[in-house]
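Asker: Protein chains in written order, with our numbering: chain B, 1 to 326; chain C, 327 to 659; chain P, 660 to 963.
Everything labelled a hint here was simulated from the structure, so no lab data went into it.
Among these hints, one or two may not hold up.
Straight-line distance between alpha carbons at most 25 angstroms, and here's what the computed DMTMM-like set of lysine to aspartate or glutamate pairs gives [said to hold, decoys possible]: (1) C:Lys351 to B:Asp280; (2) C:Lys472 to C:Asp557; (3) C:Lys533 to C:Asp614; (4) C:Lys472 to B:Asp280; (5) B:Lys122 to P:Asp718; (6) P:Lys825 to B:Asp219; (7) B:Lys122 to C:Asp393; (8) B:Lys122 to P:Asp723; (9) B:Lys122 to P:Asp684.
Here's the letter readout for the chains.
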Amino acid sequence: MLVFIIRRSMQSVVVLLVMSLLVFVGVYAVGNPIDILINPQADQAERAQAIASLGLDKPLYAQYFTFLSGALHGDLGKSFVHATSALGLILERMPATMELAISATLIAVVLGIPLGLLAGLKPNGATGRSIMAGSILGFSLPTFWVGLMLIMVFAVELHWLPSNGRGPTTLLFGLIPVSFMSWDGLKHLVLPATNLALFNLALLIRLTRAGTHEALLQDYVKFARAKGLTNSRVIGVHVLRNILIPIVTVIGLQFGALIGFAIVTESVFAWPGMGKLLIDSINFLDRPVIVAYLLVVVFLFILINLVVDILYSALDPRVRITESKG
Amino acid sequence: MIDAAEAITEPVLEVDGLRTHFFTKAGVVKAVDDVSFTVGRGEVLGLVGESGSGKSMTGYSLMGLIDPPGRIVSGSIILDGIEQRTLNAEQQRRMRGNRIAMIFQDPMMTLNPVLRIDVQMIEAILAHKQVTPASARLRAREALSKVGIASPDERLLAYPHQFSGGMRQRVAIAIAMLNRPDLIIADEPTTALDVTIQGQILYEIQKLTRETGTALIWITHDLSVIAGLADRVCVMYAGRIVEQGSCEEVLANPAHPYTRGLLDSVPANNERGQRLKQIPGMTPSLLDLPPGCPFRERCSRATEACEVSPEMRPAGGAGQSVRCFHPLVPVHG
Amino acid sequence: MASPLPVASAPARSVQTPAQRVVADFLANPVAVFGLVLLVLVVLAALFAPLISPQNPYDLAQLDVMDSRLPPGSPAPNGGHFWLGTDDQGRDMLSAIFYGLRISLAVGVISTVCALVIGLTMGLTAAYVGGKFETLVMRIVDIQLSFPAILIALILIAVLGQGTGKVITALVTVQWAYYARTVRSAALVEKRREYMEAARCLALSPSRIVFRHLLPNCLPPMIVVATVQVAAAIALEATLSFLGLGLPITEPSLGLLIANGYQYLLSGKYWISFFPGIALLLTIVSINLVADQLRDVLNPRLQK
């Protein structure tokens, strides 16, 4: 198992390096790094100084090393707009996005798996069909529009929930600012988290239903019933354990997608996360922040992929045992 | 085999007029059509037929494992003196794996690949008996040794894919015997295994059922398996039993033309170089079967009389009966 | 929970061509028919927008700022009504929606077709040629598909700048990977079939083998993916436009209309965002319904 983790980690590092190379090439070779990294409002002297300090007059491979070493030290350039470290800006906003993404995942899992199970057990009944119809809606509705509708219904018409922003934050573990620990914070979290959760919810419902439907046709279910096990055990243990494995993988991989979709939700709800920062930066042409965002996101994605791979092999005994032999 | 004293006691299973139909969009499939037989205590009954004859469906019907679009339409199943069809779902569940157990054909698919062997065995015990998990584990361990699996403690902690096909089937047998059922239904348990392993499994099951006095219904398409194993045999065709009787009688003097055909089509050593005998035609579709004897299209003895469905009538040796208007042995009474 | 069905052969059916069977199976599901009807209506509305719109919303001469932000049902100056209200420039929402549908659909379809052609070619070639080329292409596909589409699109817009052509480029770049992957999987399966061996034995030219033999058999899953992707492309373009990074104001798609109305949402003038949203919704849902049924109908594993 340890061998497996080490091997996968090494692969991930390689992918990370390749991606950093791609970003580097995109910024320094394809794009004009002078435009991207140096504030367009800088005058000649400042520009010359910046070019020298960024090493933009050196050959490309040297620039790549500078770029890499800068990245390892947490220096990905300075934001044009905020005049502080681009990476710092992003890290500052990460807890907000993470909170949103984790809440959305929780909602999708807690609602999606039971609903999908139900739909899989009674595929032809009214419950099953309506759940599936609902899931099609969850796919089809563009996230931003659902967000708008949620605001319209719950904030404007009903006045139950606030229409934008993040609630007051408290420090979790004394380090990470989270907003769900206060009632007001929770109220602000509900709408954007639900909005973000919808796509995943629909996905999970469909996956769970398909998995349940397929699992029920398997011989081991027949055998379990032939042993005289109760229905709840057959479904709760035999079926669930089988379908959970691919579902957990999907949930993990979708977490990365959530970070992407969060860009839209954060814009609709003015939620101060990384995504909103990205949109603002694109609008203000604050390119160092865009570059920093890209690298952070790439890093996160690779990390997520790694964790999911390890989790998958931990859950599926067939994979685990062959891996440990290899 | 059975001795006279046991034969007098009440049979462990009495099936009468069982009909299981599947109501599909294409029509009604009469998978099991008026099947009746009894199984005595400790007896081995062979249920023989080709695929599509309804033999497996009979087994599932006895276990109560028929799901929509199929259901048991009529008939009675009396197990241990209790009419199964009057039981509710929970009562039926208590019978399954407890008084009546089943061994399936493909051991690869019947064990859940993501659960450990001990979990799958212990749950079978705990579903029916209020014992501590520790004592259930002990019982599971004993059951594994009984079926000839070495180092049972290690094996209990293993997963199904770590076993070979033959060993998985042994585990399935062990599970079936865990709660000391009165009757075990074995649905082609050796078909999916290598020929060398087949013999071992056959022997294993035989030995165990004889030791414990468990009755056995052995479902198969292979007559040669039945020959050394069963006390009595039922031959099925198109959802009906066409012949029953003691194994010796039926194999030596078959009454039904189909049984004769089956026996003849088994290649024998003294026929080398000669053409293999076949029953002409194909097994009929069970969908909307026309009335009359289902075998008549392929039978050399068929006449107009066969357009009416024959009933089971005693014929030939003691305890033998046949469903045919032109049987190969004389009919009594 | 199902016990296995007993072996029973089906009665012979009257002979239908595969195309007829597909159509018949498709029409058997009322939900799918509903989706199809809806889709046809949407497409017709888009095609005939100039004819059916009460007003040309982009002809500045016809607009009057005094008409702005009127609620649905308000009377219009030249008789008739603003059935769905007006936006902040005095544009009739109904007309704006029809014209917006045109643009949304056009962008969606164009980008899908381009992505389809590119993805198809890459995927088929990769499957046929195999070796290092295939590995390289598939690696790129895998990496691209592991990132959410919106992120890739945003970064491309950030790099390329804004404008209709650039939006379409972004959409195409995001989508081609799906087609490449789908067609390659299908092609790999088909490659092993006997008719491919036969074609190779006949020494047919590679392009002939690929296009005349391999391609037609890989089409069914492609049709399903393409249909779903049109909806996805439309949704993505709408999202980009909503974020202000999509089509320019001169080509107002439904996304832009919704974006325009965003600021008025909190003051209760919901119709400026709501109705274009409904139009978008109907378009996407109808496409997805049709695609769902197509998937079931064309899936060989579900054939009886």
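Asker: Starting from Lys825 (chain P), check that the Cα of Asp219 (chain B) is at most 25 angstroms away, please.
Answerer: violated (53 angstroms)
Asker: Is the Cα-Cα distance between Lys533 (chain C) and Asp614 (chain C) 25 angstroms or less?
Answerer: violated (42 angstroms)
Asker: Given the hinted pair Lys122 (chain B) and Asp723 (chain P), is their Cα-Cα distance within 25 angstroms?
Answerer: violated (56 angstroms)
Asker: Lys122 (chain B) and Asp393 (chain C) were given as a pair; does the straight-line alpha-carbon distance stay at or below 25 angstroms?
Answerer: With a Cα-Cα distance of about 13 angstroms, the restraint between Lys122 (chain B) and Asp393 (chain C) holds, given a limit of 25 angstroms.
Asker: Quick one, are Lys472 (chain C) and Asp557 (chain C) close enough, alpha carbons at most 25 angstroms?
Answerer: holds (24 angstroms)
Asker: Does Asp280 (chain B) sit within 25 angstroms of Lys472 (chain C), going by the straight-line distance between their CA atoms?
Answerer: Given that 25 angstroms is the threshold and the Cα spacing comes to 72 angstroms, the pair is violated.
Asker: For a C-alpha distance cap of 25 angstroms, please report whether Lys351 (chain C) and Asp280 (chain B) respect it.
Answerer: It is violated: about 59 angstroms lies between the C-alpha atoms, which goes past 25 angstroms.
Asker: Please work out if Lys122 (chain B) and Asp684 (chain P) have their alpha carbons no farther apart than 25 angstroms.
Answerer: holds (23 angstroms)
Asker: If you draw a straight line from the CA of Lys122 (chain B) to the CA of Asp718 (chain P), is it 25 angstroms or shorter?
Answerer: violated (55 angstroms)
Of the numbered hints listed earlier, those contradicted by the structure are 1, 3, 4, 5, 6, 8.
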